[in-house]
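Undergrad: On the provided structure of chain A, position chain B as indicated by the hints.
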Amino acid sequence: SQTIHQWPATLVQPVGSPLSLECTVEGTSNPNLYWYRQAAGRGLQLLFYSVGIGQISSEVPQNLSASRPQDRQFILSSKKLLLSDSGFYLCAWSGLTSGRPNEQFFGPGTRLTVL
Amino acid sequence: GEDVEQSLFLSVREGDSSVINCTYTDSSSTYLYWYKQEPGAGLQLLTYIFSNMDMKQDQRLTVLLNKKDKHLSLRIADTQTGDSAIYFCAESLTEAGYSTLTFGKGTMLLVSP
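Residue numbers (the working numbering), protein chains in the order written: chain A, 1 to 115; chain B, 1001 to 1113.
If we strip away everything but chain B, and leave its shape as in the complex, we get:
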């Protein structure tokens, strides 16, 4: 079945690194995504990784993918108070010619000054 699991809460101090973890279940996923949701707003795509990659770096963001363990992580370097938000991991699945995303429940990141 499809299930994406994330820890629900993470608290860090400004300037530290944050690591948000995610596990997924479907090994046929083609892309894995990280979305950010600020309070009262919709979701914004932060970054993504294709399933044949192990790592992707994009400025302060580093995504690591362990396909064997079906584990995905998002590392935010030099975390700022503006990074406080809910972060969603999502896996993409294709069935009968169309694709859907399955989201985790989201990790709330709180950055304190």
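Only chain A is shown next, with the shape it has when bound in the complex:
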């Protein structure tokens, strides 16, 4: 079966510090991968998605970046965090396993607080 992991689960960082959040998927190959942010009281905002190694598409301009160094690894980064980067970050994957290619499976999330 497929599983998706995110770490860390929670993170408190000062403004201006760097960020690295990691997401890995097990039990499937060549998944589509997604990073979402959920700010307090708001819905899900798609930040990045990737259809393959080294292929990243950005949905919104921001000081965040994403990388996919391996097939099942997706990393969200920032060189300098802003207060507005606080939120709940969710990684998701989709693929052909379920028969519905755009069904997305979500990780447990990372709660980021920027002070």
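Possibly wrong hints are sitting among the right ones.
[Unchecked claim] Within a straight-line C-alpha distance of at most 30 Å, the following computed DSS-like cross-link-like pairs (lysine-lysine) qualify:
1. K1056/B x K1068/B
2. K1105/B x K1067/B
3. K1105/B x K79/A
4. K1105/B x K1070/B
5. K80/A x K1105/B
Calculated from the structure, these hints are not laboratory results.
TA: Leaving out everything else, chain B in the frame of chain A:
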């Protein structure tokens, strides 16, 4: 453009039925999904409906789709306190060979005993 709208809050009593509504804008959507998010957790797929269906029933859940009005609803029968969560409606869109989901802002369902 792509936009999915939901009411933000719904409060019901335990044992009542809950109906969560959603409107979407893209008539080319193939699947429409309902996800559930419990506090501090990721999203779990609850159910889905294919765009050529009008209704789908899955135990206590009933999904109704009105394609003409681009309206989707989720009915939870005999709502329990464990159903308290945020419910997200999402439409799937396919562009240039890959698919994405567009989510609504979520409806917070509060079930009181």
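Undergrad: Going through the earlier hints one by one, which of them does the structure break, listed in rising order?
TA: none
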